[in-house]
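There are 2 protein chains.
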Amino acid sequence: MKREILALSGGVGGAKLALGLADELRPGELTIVANTGDDFEHLGLNVSPDLDTVMYTLAGIGNAEQGWGLAGESWSAMDALGRYGAETWFRLGDRDIATHLVRSQLLRAGESLSQVTRRLCGALGVAHTLLPMSDDPVRTMVQTDAGELPFQDYFVRRRCEPRVGGFRFDGIDSARPHPQLLERLRSPALGATVICPSNPFVSVAPMLRLPGVEAALRASAAPVIAVSPIIAGAAAKGPAAKMLQELNLPQTAEAVADYYGDLIDGFVIDDADVALAPAIRERGIKVLVVPTLMRNRQDKVGLARRVLAFARALREEEATCTP
Amino acid sequence: MKREILALSGGVGGAKLALGLADELRPGELTIVANTGDDFEHLGLNVSPDLDTVMYTLAGIGNAEQGWGLAGESWSAMDALGRYGAETWFRLGDRDIATHLVRSQLLRAGESLSQVTRRLCGALGVAHTLLPMSDDPVRTMVQTDAGELPFQDYFVRRRCEPRVGGFRFDGIDSARPHPQLLERLRSPALGATVICPSNPFVSVAPMLRLPGVEAALRASAAPVIAVSPIIAGAAAKGPAAKMLQELNLPQTAEAVADYYGDLIDGFVIDDADVALAPAIRERGIKVLVVPTLMRNRQDKVGLARRVLAFARALREEEATCTP
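Residue numbers (this note's numbering), protein chains in the order written: chain A, 1 to 323; chain B, 1 to 323.
Please note: incorrect hints may appear among the correct ones.
Said to hold, decoys possible - The calculated label-pair distances, taken between Cβ atoms and stated as ranges, are:
(1) A:E41 to B:G233: 39 to 45 Å
(2) B:P291 to A:R157: 50 to 56 Å
(3) B:R91 to A:Q180: 44 to 50 Å
(4) A:A234 to B:A71: 45 to 51 Å
(5) B:G233 to A:Q66: 54 to 60 Å
(6) A:N296 to B:Q298: 33 to 39 Å
(7) B:E41 to A:P27: 57 to 63 Å
(8) B:E41 to A:E148: 31 to 37 Å
(9) A:D79 to B:R91: 44 to 50 Å
(10) B:S112 to A:D145: 35 to 41 Å
Stated by the list, open to error - Part of the chain A face toward chain B, derived, beta carbon under 7 Å:
(11) A86
(12) T88
(13) R91
(14) A98
(15) L107
(16) G110
(17) S112
(18) R139
(19) E161
(20) L288
(21) V290
FYI, nobody ran anything at the bench for these hints, they're computed from the structure.
The beta carbon of each residue, even a glycine, is placed where N, CA and C say it ideally should be.
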């Protein structure tokens, strides 16, 4: 049976593993769902940072060094915006602005975010399926000691400096998960759901909290595997470790496994965290210990292969154990 | 008495004389009103070509060679838009896009086009007053052998190729002229109204046809002086001469004087057209024959000085002749 992989991804780290998976799997074998809780309207443009990071990465036009944005980007519009006294804390490159112009115009013309994403991906030659988690707006709000902040306000404008106390996903209760997300989870062809090494609180949680998604994940016959974004107590990128600390949780991969709890069947941690494996296994979670830091294409493909092999092993084990 | 000059301008040619006038007059002595009949929504952005051409020109950041757009402009967003299959027939430079982003966002937030224009001009250091002819939308429609076309569709997309039969200014009947336009026309301090060498049919006509403007021009004590955009049967730039021909009018400065008719007191023609002066004078219009082609800053200032001197002469003559 041909197996399909469903990957749930945030931005930078998630996009890296998504690229690895895309290198290993044919278009029909991989569906990537991206968080849209970070989406926002900026300068009148509809910006979808995680979707675009994954899209640019898969299209091979992303800025691999910084992990987001476009390679060889120019910043003329931003300079001019600065001269007008417009907001420049969120840096939009000239080519990136074209993406947002097209998206904003199509959304205003009544297209859904999925339709727009399909068009953009098609134009950029992205062959694998990339879906927004929902066509309905969900907006991640970060509760901090500086008040409740819209995500990008916290993340970019304030450089994650405020102390985090919790999160709220505005609109989540009435947002419908993308139909294909639920279809894939219910499909007998599903080989695994892979939760990419993205921030669990702000990148993965919005996807999991969409009505029906957790239940569908639990009901899915395929294993759910999460890759830890925390390596040796630190995040490769972003505020995940800082958030763990501020939420009074240990800054460890183990705490991430705890966060996902019994929703996941398998957890992938870095070699550096091998000592945590027994404690995580005690929770009934299978653990794969491999190199997880993705510095180059080879690392990404290597991790993707290991995750896919882990998924096969979990499926076979399941098949063996089930009477 | 300190005299104020009111200049009515379209894009390229008008902006050149506006710059000359701005060099000669202090900020409080010059108000420039720009045509907004060419404005349109493009790629979800509110674009005001004539306003921007005048603004960039006065700010000293315009592309003097092509007469519109910005000097040293880059085109990355346009390239990317092309890759998305978006419309690229109207070329928006990266820095220019910043202007449209700011304008669009402020308009959507409820500011008037005048307020937005004041902000943009302020940021760019434009000291003289630049006003849109109206805060209400007026859209020039060109009636052609290819049907009725929105102005930019005719002008840019179809490069003025269709044969013109007439014009319609959508929204003109309910559009209110900018209050300061009428105030200036009624002011006893007005020294002259200068109709810049812009296309009479599509750049000047929308301003004249705004309810109350023609009547205010006729009632104004100050002379109304038009500068011919036609020199030796050709337009320095744009389709004015082609339009004259297609409308079965002579391709001459004289035909432009006829078009303005008794609305104007004085008409400025180029040395090359000196032979037309007697016929125009027969219509009761005073004629100034001077070099009108503006290739450089000196030409612009030179023409501005001559137009201002012509205005003074017409005022003095009027003062002498009036019993």
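Taking the hints in turn, this is what the structure says about them:
1. At roughly 52 Å, the beta-carbon separation of E41 (chain A) and G233 (chain B) lies outside the given 39 to 45 Å, and the hint is violated.
2. The supplied range of 50 to 56 Å is met by P291 (chain B) and R157 (chain A), whose beta-carbon atoms lie about 55 Å from each other.
3. With their beta carbons about 38 Å apart, R91 (chain B) and Q180 (chain A) fall outside the hinted range of 44 to 50 Å.
4. Remark: the range hint 45 to 51 Å for A234 (chain A) to A71 (chain B) is upheld by a beta-carbon distance near 47 Å.
5. Taking 54 to 60 Å as the suggested C-beta distance range, the pair G233 (chain B) and Q66 (chain A) conforms, at roughly 58 Å.
6. With their beta carbons about 59 Å apart, N296 (chain A) and Q298 (chain B) fall outside the hinted range of 33 to 39 Å.
7. Taken as a hint, the range 57 to 63 Å is violated for the pair E41 (chain B) and P27 (chain A), whose Cβ atoms sit roughly 36 Å apart.
8. Separation of E41 (chain B) from E148 (chain A) is about 35 Å and conforms to the stated range, judged on CB atoms against 31 to 37 Å.
9. Roughly 19 Å separates the CB atoms of D79 (chain A) and R91 (chain B), a value that falls outside the hinted 44 to 50 Å.
10. At roughly 40 Å, the beta-carbon separation of S112 (chain B) and D145 (chain A) lies within the given 35 to 41 Å, and the hint holds.
11. About 5 Å separates the beta-carbon of A86 (chain A) from the nearest beta-carbon of chain B, less than 7 Å, and the hint is met.
12. Hint status for T88 (chain A): violated, given a least beta-carbon distance of 10 Å to chain B, over 7 Å.
13. The beta carbon of R91 (chain A) comes no nearer than 13 Å to any beta carbon in chain B, farther than 7 Å, and the hint placing it at the interface is violated.
14. Taken as an interface hint, A98 (chain A) checks out: its beta carbon lies about 3 Å from the nearest beta carbon of chain B, inside 7 Å.
15. Checking L107 (chain A) against chain B by beta carbon gives a least distance of about 9 Å; that is not within 7 Å, so the hint is violated.
16. Because the beta carbon of G110 (chain A) sits about 13 Å from the nearest beta carbon in chain B, more than 7 Å, this interface hint is broken.
17. Violation of the interface hint for S112 (chain A) is found here, the shortest Cβ-Cβ separation to chain B being roughly 17 Å, above the 7 Å cut-off.
18. The restraint placing R139 (chain A) at the interface with chain B is violated, with a minimum CB-CB distance near 19 Å, outside the 7 Å limit.
19. A cut of 7 Å between beta carbons decides the hint on E161 (chain A): the least distance to chain B is about 27 Å, and the hint is violated.
20. The interface hint given for L288 (chain A) is broken, as the beta carbon of that residue sits about 39 Å from the closest beta carbon of chain B, more than 7 Å.
21. Below 7 Å, beta-carbon pairs count as interface contacts, and V290 (chain A) has none with chain B, the closest being about 37 Å; its hint is therefore violated.
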